[in-house]
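Please construct the entire structure, taking both the sequences and the accompanying hints into account.
Protein sequences, first through last, are from chains U and V. Be aware that the first sequence starts at 1, since it is given in the numbering used here, and climbs by one per residue. Be aware that the second sequence starts at 1, since it is given in the numbering used here, and climbs by one per residue.
I should point out that these hints are in silico values taken from the structure, not numbers from a laboratory. Just to be clear, a hint being listed does not mean it is correct.
[Said to hold, decoys possible] Every beta carbon over 10 Å from chain U, so not counted as near; a handful from chain V, in silico:
1. Gln48
2. Asp55
3. Val56
4. Lys61
5. Thr111
6. Pro116
7. His119
8. Val147
9. Lys195
10. Gly198
11. Gly232
12. Glu263
13. Gly285
14. Gly327
15. Trp365
16. Asn413
[To be verified] Straight-line alpha carbon distances no greater than 30 Å define the calculated DSBU-like cross-link-like pairs of lysine-lysine that follow:
17. V/Lys186 to U/Lys7
18. V/Lys313 to U/Lys175
19. U/Lys7 to V/Lys61
20. U/Lys166 to V/Lys219
21. V/Lys229 to V/Lys199
22. U/Lys137 to V/Lys195
23. U/Lys7 to V/Lys340
24. V/Lys195 to U/Lys7
25. U/Lys7 to V/Lys229
26. V/Lys340 to U/Lys175
27. V/Lys186 to V/Lys277
28. V/Lys412 to U/Lys175
29. V/Lys277 to V/Lys313
30. V/Lys340 to U/Lys166
31. V/Lys229 to V/Lys340
32. V/Lys199 to V/Lys219
33. V/Lys277 to V/Lys219
34. V/Lys340 to V/Lys313
35. V/Lys277 to U/Lys137
36. V/Lys199 to U/Lys7
37. V/Lys229 to V/Lys61
38. V/Lys219 to V/Lys229
39. V/Lys195 to V/Lys219
40. V/Lys313 to V/Lys412
Note that CB positions come from ideal geometry on N, CA and C, so glycine has one too.
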Amino acid sequence: TPVMAEKLGLGRPASDDEIAAWDIDIRPDGQGLPEGSGSVMDGEDLYMDQCSVCHGVFGEAEGRWPVLAGGDGSLSDDRPVKTIGSYWPYLSTVWDYVHRAMPFGDAQSLSNDEVYAITAYLMYLNYLVEDDFVLSKENFLEVRMPNEENFFMDDRADAELVAFAKSEVCMSDCKDNVEITARAAIVDVTPEDADAREARAARLG
Amino acid sequence: MTVSFKGKTPSRRAFLKGAAAAGGTLAGAGAAHAAGDPEITELQPWMQQLGDGVDVAPYGKPSEYEAHVQRRTVEWLTADPVSSINFTPLHELDGIITPNGLCFERHHSGTAHIDPAKHRLMINGLVDTPLVFNMADLMRFPRENHVYFLECAANSGMEWRGAQLNGCQFTHGMIHNVMYTGVKLKYLLEEAGVKTNGKWIMPEGADAAAMTRSIPMEKALDDCLVVWKMNGEALRPEQGYPLRLVVPGWEGNMWVKWLRRIEVGDEPWHHREETSKYTDLLSDGTARRFTWEMDAKSVITSPSPQAPILHGKGPTVLTGLAWSGRGTIPRVDVTIDGGKTWHEARMSGPSLDKSMHRFYFEFDWDGGELLLQSRAHDSTGYVQPTKDELREYRGTNSIYHNNGIQTWYVNKNGEAENVEVS
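Shown next as structure tokens:
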């Protein structure tokens with residue numbers, strides 16, 4: 001393996017305007033958050049115009065598009081509804097993601113003020129603020145999301161790896177009886193594969 | 001003499017289909033032909049006529065008879081084919097290398113088509129000198145070649161609540177294994193000079209999803225690569241052409257494609273793909289974050305629902321794949337009776353760190369029902385758990401990181417089905 005004793009001098013320094021153009025990410029501590037503000041009311045207009053066709057008028061979503069609102073208290077249910085309000089730990093993620101990747105198919109088309117307004121409206125849809133709320137760089141860090149405390153660092157090393165590391169495994173007489181408990185054929189949601197199967201059979205024939 | 005190609009006539013296909021359905025009692029060269037096998041006794045066109053010239057296929061494709069070996073989608077899984085997934089046809093492949101054109105795809109805003117002359121990689125944040133590289137710059141760094149598996153965190157995710165999709169392509173096909181050529185990320189970071197408080201990196205894609213993830217600096221400096229070749233040729237557009245990040249052993253979402261920027265920071269960013277997505281909800285309503293490693297896993301690729309036993313009883317080859325995000329796979333056990341008795345499979349092919357491994361188990365099928373399972377052991381001593389064991393720890397709503405043991409039920413006709421067993 002080559003070890004580089006010193007730098008190769010490849011590449012060139014990035015200029016400030018280049019960094020400004022690409023470095024648009026923000027973090028929970030507010031790093032990267034630009035100047036600006038937006039109201040729930042302004043956000044409603046923008047949302048109806050640019051977001052509701054996929055995400056639904058109330059954030060409930062059309063089809064299989066992501067649900068943005070609701071689901072409070074459902075995370076331990078059999079069928080949890082994970083939304084911004086019920087699941088997301090940080091508001092910064094909403095701002096960052098809407099800004100970088102939404103609307104789907106027209107990413108990075110929203111101004112900073114528009115992103116503040118849409119973020120405020122998404123908070124309103126999730127009953128986190130009143131309809132006269134205005135979100136800005138100044139008050140952004142005052143917001144705490146309901147589910148922030150329910151995330152924790154991967155603990156598989158302690159919780160699972162020890163239990164699943166086995167010096168010996170059963171090789172014979174491991175069980176008396178085996179029953180089929182679930183069958184995919186009954187669920188029957190696999191795409192029809194008849195042509196592929198026939199082709200394979202013909203080839204092997 | 002007129003030579004007709006019999007392999008494509010409807011009657012022959014229907015006959016074969018019928019034979020397969022009847023238990024595969026007739027199997028080509030293995031069957032007795034009173035008047036001699038026409039494939040031998042009759043002159044075939046390829047024995048007589050000229051084949052293609054060397055100028056016909058400057059970039060070759062598989063045989064037309066392999067046209068069914070394809071990536072496939074499951075439409076109902078996602079809202080739209082642009083932010084979606086397709087599946088590698090594992091049941092048709094052998095060895096450990098996935099052909100480039102069959103490597104599964106996962107995009108969040110579609111495949112970006114980028115002119116490499118216009119592509120740039122920026123390194124900024126907590127570095128001494130923020131840098132911009134073009135592709136030519138990157139190719140002047142010392143290169144490395146490594147074979148790694150890339151497994152989507154959601155591979156087998158549809159199976160958490162029970163057997164659902166019928167075929168290892170669908171249950172396990174969000175994975176591929178190729179040889180990457182590129183530069184160690186460490187070299188690029190050293191070129192910019194990471195400041196002492198630079199503890200995390202954030203790779204970002206150039207596509208419209210602008211995919212971002214937070215990766216700890218230890219991993220970035222350890223074995224991450226910035227690559228431009230897969231299996232010897234340029235990355236396919238759907239795999240990030242011209243540049244992607246390789247994060248060995250870790251969930252596929254972190255292998256940022258169309259890589260345009262790496263920021264160095266002192267804290268993770270908690271972006272959408274590591275909060276809303278790629279966090280693992282447990283049954284008590286809490287969720288694991290930063291579940292990066294892919295645990296040891298295996299699957300029998302044949303026989304499987306898309307690869308039934310067509311030859312009838314007798315000598316039968318069982319084969320499959322095993323891999324671990326934590327090392328190599330020194331051993332795989334297989335059972336044909338649902339776990340009553342296990343046999344150590346035969347490993348064949350290279351055993352490489354964080355790469356797929358190929359195993360075989362040859363047995364004499366008596367024509368009876370089978371319940372097939374495989375159980376991987378990785379080099380850390382971890383043994384692949386059952387799905388029920390995983391559910392005890394996690395419940396059924398984790399979506400990601402399902403590495404539980406897969407069961408195929410094979411009936412007396414040799415047809416296989418995705419099942420779960422007690």
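*Beyond 10 Å from each Cβ of chain U, as asserted for V/Trp365*: Label holds. Min Cβ-Cβ 16 Å, cutoff 10 Å.
*Taking 30 Å as the top limit, are the C-alpha atoms of V/Lys277 and V/Lys219 close enough?*
holds (21 Å)
*Taking only the CA atoms, is the gap from V/Lys199 to U/Lys7 under or equal to 30 Å?*
holds (21 Å)
*Decide if the proposed pair is consistent with the structure: V/Lys229 and V/Lys199, CA atoms, cutoff 30 Å inclusive.*
holds (28 Å)
*Please work out if V/Lys277 and U/Lys137 have their alpha carbons no farther apart than 30 Å.*
holds (25 Å)
*Is the Cβ of V/Asn413 more than 10 Å away from each Cβ in chain U?*
holds (12 Å)
*Taking the closest pair, is the beta carbon of V/Gly327 still more than 10 Å from chain U?*
holds (12 Å)
*Is it true that the CA of V/Lys229 sits at most 30 Å from the CA of V/Lys340?*
violated (45 Å)
*Does V/Lys340 pair with V/Lys313 here, judged by a C-alpha cut-off of 30 Å?*
holds (21 Å)
*Given hint V/Lys340 paired with U/Lys7 - CA-CA distance at most 30 Å*: Given that 30 Å is the threshold and the Cα spacing comes to 59 Å, the pair is violated.
*Satisfaction of hint between V/Lys277 and V/Lys186, Cα-Cα up to 30 Å*: It holds: about 27 Å lies between the C-alpha atoms, which stays within 30 Å.
*Take the C-alpha atoms of V/Lys195 and V/Lys219, compute the straight-line distance between them, and say whether it is at most 30 Å.*
holds (16 Å)
Checked against the numbered hints given earlier, this structure breaks hints 12, 13, 19, 23, 29 and 31; the rest are met.
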